[in-house]
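With the sequences and hints as input, model every part of the structure.
Here is how the chains run, residue by residue.
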Amino acid sequence: MRNRSNAITVRDLTLGYDRHPAVHHLDGCFAAGSLTAIIGPNGAGKSTLLKALAGTLPPLSGSVSFEGSKAKIAYLPQSADIDHDFPISVEDLVTTGLWQKTGPFGAFSQHDRTTVLEALDRVGLAGFEARILGTLSGGQLQRVLFARLMVQGADIILIDEPFAAIDTKTVRDLMHLVRHWHGEGRTILAVLHDMALVEEYFPDCLMLAREPVAWGKTSDVLTADHLAQARAMIEANDPHADLCERAA
Amino acid sequence: MITRLVLLAAFGLGISTSTVGAIEPIKTVASFSILADITKQIGGDRVSVDTLVGPEEDAHVYDPTPRDAVKIAVAKLVVINGLGFEGWIDRLIKLSAGAPKVTIASDGIVSHQTTIEGHERTDPHAWQDLRSVQIYARNIAESLIQIDPDHETLYRANLARYTEELATLDQDIRSAISAIPAERRKIVTTHDAFGYFAQAYGIEMIAPQGVSTEAEASAKDVARIIRQVKSEKIPAVFLENVSDHRLAERIATESGARMGGKLYSDALSKENAPAGTYIAMMKTNIRELTKALMP
Amino acid sequence: MTTPSDLYDLVIGPFAEFAFMRRGLVGVLALSLGAGPIGVFLMLRRMSLVGDAMAHAILPGAALGYLVAGLSLGFMTAGGLIAGFVVALLAGLVTRVTVLKEDAALASFYLISLAGGVVLVSLRGSNVDLLHVLFGSVLALDDPTLLLLATSASINLVVLAVLFRPLVLECVDPLFLRTVGKSGSVTHLGFLALVVLNLVAGFHALGTLLSVGLMMLPAFAARFWSATLEGMMAVATLVGIMSGCLGIILSYHLGTPTGPTIILCAGAIYLVSILIGRRNGLLIRFLPRAHLSA
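Chains as they are written, first to last, in the working numbering: chain R, 1 to 248; chain L, 1 to 295; chain Z, 1 to 294.
No lab work stands behind these hints, which were simulated from the structure alone. Mixed in with the good hints, there may be bad ones.
DSBU-like mimics (lysine-lysine), calculated; alpha carbons at most 30 Å apart, straight line [what the hints assert, rightly or not]:
(1) Lys72/R <-> Lys101/R
(2) Lys283/L <-> Lys262/L
(3) Lys40/L <-> Lys76/L
(4) Lys220/L <-> Lys233/L
(5) Lys291/L <-> Lys233/L
(6) Lys94/L <-> Lys27/L
(7) Lys101/R <-> Lys182/Z
(8) Lys182/Z <-> Lys70/R
(9) Lys72/R <-> Lys182/Z
Reference listing, derived: stretches of chain R covered by chain Z, where coverage requires no fewer than 3 residues with Cβ under 8 Å from a Cβ of chain Z [said to hold, decoys possible]:
(10) 51-64
(11) 83-89
(12) 95-108
Where is the CB? At the ideal position from N, CA and C, for every residue including glycine.
Right, here's the structure in full:
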């Protein structure tokens, strides 16, 4: 076992809605600088897990802990709650990524502006600064959100199904960016459905079917047995379920 | 000796008869507060007066209640103003199925026509002229005497006293107004009830066109009033009926006129002051007028 | 052929002659400065009906003021302000903490508040139309009221400037704001408080119709002229001022009630904007224009 620090440690974590578990007794850790794909069938609790790691969903039981006191986390949710009709420019939206640095009132330096423009360039949207949000295509909007992620400069990046209904070129470009972040030593977790992407880009993988099915190197996780096990997970909540008796 | 006994007996008989007669005061109903007051002045303890439209209520929009019909049913005397003031009274009396004597207080006064809501009507507010109220008092006294002849002396005495008070007040009002310079004897008022006062005592009452009590004002109307007050040099505006108090003040400030106080037109005030009785009401009105109009 | 002096008589003359006309204009100007930007935000957050709801929500506060001090404008307005804040606060809390959204939360509390107010008023026994008494008129702006409007406008501009970034982010991507900062709740409530202040001051000075109408209609019109937030706020303010000028002058010449006339002017500008506005105007959409090369 390599002696690496763990960026995120999860202890006997159970998450859910209305006391029905969506993630059941998850225990383990994400190493610092790892690039992990989180996969599983529908309703497996993947988005729920990211929400808990991002701090927006309190656990039903168990805990989440981060290395270091001030772990900077950037979170890109699935189909973000963004108001597409709001008259905000691309540049302004990406600039909000600097929030953790400047706060609600801090001034923006020239350097900040450069960072934003560079991020836009990186995602292939140079020249889009003044465009209004509502005029962007799905793929373009996703690139803008990735640019914002970049500007946030976080150590831990959580991405939830970023590529649903996105064109192939954008997917390739953005995965390229993810790989670049990985190279910079950031810890990245991504929920994905596309197995081909997982196999191509992600060294580590967590297969979740409410219960953890497998967690480790991608090649070890993506076996026929594991896939069958995951598929057997029952999607619906059991209305007659008893209290869970399991201990850690 | 026998003469003294006879006198004593007559005296005793007289007392007993009058005591028997003095038990029940005459149940009277007055249509509104001003008439109620005048009736009480004439009848004194001999009458018990119920009022339909009470103090600070509006007779123009009054809606009679079943309780009012009951009041009339047990009444011996009903005093109304007449001249079309109580449009609802005839139906009410018919409904009550009583048979009281109905006195029209304004019988015999000289009335005039005026425009009410665009129509030519008889102006009913005759009580604004004190000389007419002397006639009111006399009519009420006559009715009381008819119903209760035993107390004619009392009624005549009260009538004489009250008429005297009215005459004095009438004179006071005239002196007060003559002290106001002639060119200052005009006001703007939202009341349309002072026609008789204007005629009797020589104060011109000007209605503010457009700035009504309910509807929202237009800039045109406000401009018009201000121009009118300025050009005709009207010294005071009495606009307390305008629903927006601040608008009234603005008109006063900008036109240079004084804001007049509260004028009582067709109802007494609830408390004793400042207009608990008819005479008090006229006194407070002339006081407000002189305060506003004296230079 | 209108000569310059005719134009003067028509447009400038009335303002030169009458102080109440000048004051009305200043009042509308002050209102537009603050209300314009706020209206744009309300529109973008789909809270366009808040103004009307708030006009009723303040009743119990005004009623309490009336019970305490009679027909005192100061007490009743202060009471209305407090009631407005309480309703806004509770609505904001419910939106954040429960599953109910903005519109439901606000509607719930304004209904409760209105009913409470009616009961309170009936306790005193009279049938005074409190709300009517509470509301002012653009033709009757005395010095204290003008000062109130000016102060309200200043507070609006300052608070909006300070809250601008959090407010924008809270509108565009509230989830993101929650993950990067804690200012979400404060911003939300601060904005609602600003709306209440603006509305109550507006009611007191100018009445409900004018206050709410000049806040929302110019914002709606602005939608058709600008694509950026800053642009919309500027256009909304401008439209408010124009409606004020036009409305007052028309009320002067035509004798129509001033408040509603101003709103009708704003409405007319709005309808025209729908047709010929440079952004998303209907005519623009239906009139073919040559497209650009790239």
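Consistency of the hints with the structure:
1. Lys72/R <-> Lys101/R: Since the Cα atoms of Lys72/R and Lys101/R sit roughly 10 Å apart, the hinted pair holds (cutoff 30 Å).
2. Lys283/L <-> Lys262/L: Status holds; Cα separation ~12 Å.
3. Lys40/L <-> Lys76/L: Distance ~15 Å between Lys40/L and Lys76/L Cα, so the pair holds.
4. Lys220/L <-> Lys233/L: Within the cut-off at roughly 19 Å; holds.
5. Lys291/L <-> Lys233/L: Holds: Lys291/L and Lys233/L sit about 17 Å apart, inside 30 Å.
6. Lys94/L <-> Lys27/L: This hinted pair holds, its Cα atoms lying about 18 Å apart.
7. Lys101/R <-> Lys182/Z: 14 Å, holds
8. Lys182/Z <-> Lys70/R: 15 Å, holds
9. Lys72/R <-> Lys182/Z: 15 Å, holds
10. 51-64: holds (count 3)
11. 83-89: Per the Cβ count (6), the hint holds.
12. 95-108: holds (count 6)
This entry satisfies every hint, going by the numbered hints stated previously.
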